[in-house]
Amino acid sequence: MALKGLDIFKLTPKKNCKECGCPTCMAFSMKVASGAMKIEQCPHMSEDAIASLSEATAPPMKTIKVGAGDAEQTLGGETVLYRHEKTYVSKTRYAVSVCSCMEDAKIDEILAAIPAVDYVRIGERMYVEFVSISYGESAGVDKYVEVVKKAAALGRTLILNVKDEAAAKAALDACKDAKPILNGADASNFEAMSKLASEAGVVLGVTGSSIDELYDTVAKIEKLGNKNLVLDVGTSSIKDAFATAVQMRRAALKDQDRTFGYPSLVNVGVLASGDSHLQAALASLFTLKYGSIIVMEGMSYAQALPLYGLRQNVFTDPQKPMKVEPGVYPINGGDENSICLTTVDFALTYFVVSGELERSGVPCNLLISDAGGLSVLTAWAAGKLSSTSIAKFIQEEGIEDKIKNRTLVLPGKVAVLKGDVEAKLPGWDVIVGPTEAVQLVKFLKDMQ
Amino acid sequence: MPFTKKAQKFNAAIQTVEIGTGDNKITLGGENVFPFYTFDAPIENAPKIGIEVSDMGLENEPACMKEFYAGCETVVDIAKKAATVEGADFVCLRLEGGDPNGVNKSTEELVELVKQVADAVDKPLVVEGSKNVEKDAELLAKVAEATQGKNVLLLAAREENYKNVGAAAGLAYDQVVGAESAVDINLAKQLNVLLTQLGVKPERICMNVGAAAAGYGFEYVVSTMDRVKAAALAQGDAMLQMPIVTPVGDEVWNVKEAAASEEDVPEWGPAEDRGIDMEVETAAACLASGSNAVILKHPVSIATISKMIKELI
Ligand code: B12
Ligand code: SF4
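Those protein sequences? They're chains S and X, same order as listed. Just so you know, the first sequence maps onto residues 1 to 448 in my numbering. Just so you know, the second sequence maps onto residues 1001 to 1313 in my numbering.
Keep in mind that the hints were calculated from the coordinates and are not lab data. Built from N, CA and C at the ideal position, the CB exists for glycine as well. Hints are not guaranteed to be accurate.
[As the list claims (entries may be wrong)] Covered stretches of chain S (in silico footprint by chain X; criterion: 3 or more residues with CB under 8 Å from a CB of chain X, positions within the stretch not fixed):
#1 72-84
#2 208-220
#3 232-244
#4 280-289
#5 293-306
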């Protein structure tokens, strides 16, 4: 927070009436300064004081909402530059772009491919959340509106990438209720664009030919009273886009420069046009370094699988390990006669392994022992997955009474445990499985 | 109203480490800013890319790599071809066949191979052991001896065997020592302290602070690297200023996203593209977090990451 307790104290009524729950106005002021309380919690504060303070005590980066209904997304609101300091707030979102300058067949092809990537990974739905529609001037306004309507039918939030006022207005008329982003303001047209966005009640995207020009334009738009913004880092070069994305976020969070305290938009589709692998690399780079929305030319499964996995990793709470309950998990109708496999209680491991077991169609029992929520090798290295822990789990949980089958498959990465597990579990046939879960389907089918 | 830039340039810098000799030698590190933050201060030595080959030849490689190296009869042929791949700054030979729990090739056999490869390729060489700490204690020491004068980077000394690997590579034969630790800043620092106490010079150490494929516990990799770079630069911690070298190829090509066959998941599309995107996305994320070099497999991944680095520096 930029404001110190003393600055706030000067504006309080200094009654020490305790109605806010604090012993003194000074104590209250310190709490507000640290972000623990809000200025409005003092009932005696004058309106002028509230107005001058709320600006100064506002979070360094605005939280911006776009999209309507089910498609609503929250962007920004970040408080730290590094995930080990505190959990990130709003995950990066991905967009696919079309242009009204493209041929109809091409547009249809791109739009039709968008819903193809849609899957669940550890409880999270992974899909393309935004569609960006660029205005091709030569194709005209009517064509643009037509493409916008087509894209809107996908039910994703739209980004209207258009600097032409007439086209922007026509497109907004067609889709403003779905709360798209109007990404079209720059130094030359910001007044008109800001007015359009405000009237339609949508977020305005701002860009500039340099970071200075962007800054200047944002400051001017804020003066017009519009603070519902997303900042486009531009497409002049990869180097500039990266420099702008990092410096904006750093200025807002480290230097409390609120003019740059908005979510960002990075168009890697333009920065690496025609090169899907470079777009994948850049999408990953900007997921880590401060892209709120990343626009690509397309989203294939090849690009999506590692990207959404990375995002899921990076935006999780560093303090909270993702665990599943230890126990017996029957899969594909596994019963007392079905083969047993064992693994750890780390949610990611469970998710990956159970997914493969389901895919195999082979009835089996997955035995999950308490490994402190760690992956197979981490748990093994930490001494939480051992021949003793496995044997103890099987004996103490009464598994030998519940299950008659005596075949136990170990994760391939802890093949070294085989001998000791055999010694500790007389009567069991202990088999070393493959090192990666993906090989389980073949492994189980071959065993049968 | 122009933007008031506040550059974040530090008084401390990442240690420079040279690998290889002569015209083809490479220099890692030297920067006094965070990864790719050229707007704060210029970065003299761009991150480097290694190409990975294995003593097992193509046996354990994905189909697309078998195709790429088709016609290569021996590991030496493969290494020679790898060295010509555009964007590859060095060659990394993995001695996975040395693992006693696997094929268990003898130290003599592997050292002989390393010698042949070292003579055949004109790029700097990195040799990665079998990952078995006991075997590597002996194997990497012998490799250090056999390649004396070539200024090779040996991956890796670990807490369990740093005395053998560090003494042979760093002291007796003056090679570069790779220090490998498990995704934890304290462990990374501890190992560097131990190696320097042994007498290895800091400018002869690189670290592998751990890696994972994107989506597989990668958040720990990001945070470890973020914290290592912050300690090295902002706090000037000399025991964390060694450049980071991250093997990516051997992490990514086995995970499901890359390895699942097209018959099993037709909707996912070609396996080769999935492997490449898994490799480039993981590599880009490592570089963004602080790797000074990444080691990759596929020529398209190498070309892509090479382009990304050029564009950013
Ligand atoms: C993230 C991570 C951590 C995180 C833990 C996160 C977690 N919840 O586990 C943190 C930072 C806490 C950590 C700590 C440590 N770690 Co750690 N960590 C990793 C890392 C980078 C990724 C692990 C991961 O998430 N993998 C993804 C999951 C899904 O993999 P998985 O559980 O193995 O499951 C796969 C397979 O095993 C298989 N599978 C799983 N179950 C089953 C079952 C059957 C039947 C079959 C057939 C297959 C199968 O399917 C899955 C997908 O293919 C790895 C390096 C790496 N790249 O693997 C190191 C690694 C596992 N860690 C390691 C170590 C040494 C440690 C520490 C002991 C370090 C220390 N001395 O303090 C500590 C121990 C923790 C403690 N004391 O609390 C080493 C282990 C070395 C070894 N070979 O023994 C590794 C390999 C790093 C390294 N190269 O040195 N670690
Ligand atoms: S309610 Fe307001 S006036 Fe009363 S003690 Fe709290 S800050 Fe002071």
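Outcome of the hint check:
no. : hint    : in the structure
1   : 72-84   : holds (count 3)
2   : 208-220 : holds (count 6)
3   : 232-244 : holds (count 5)
4   : 280-289 : holds (count 9)
5   : 293-306 : holds (count 6)
Checked against the numbered hints given earlier, the structure satisfies every one of them.
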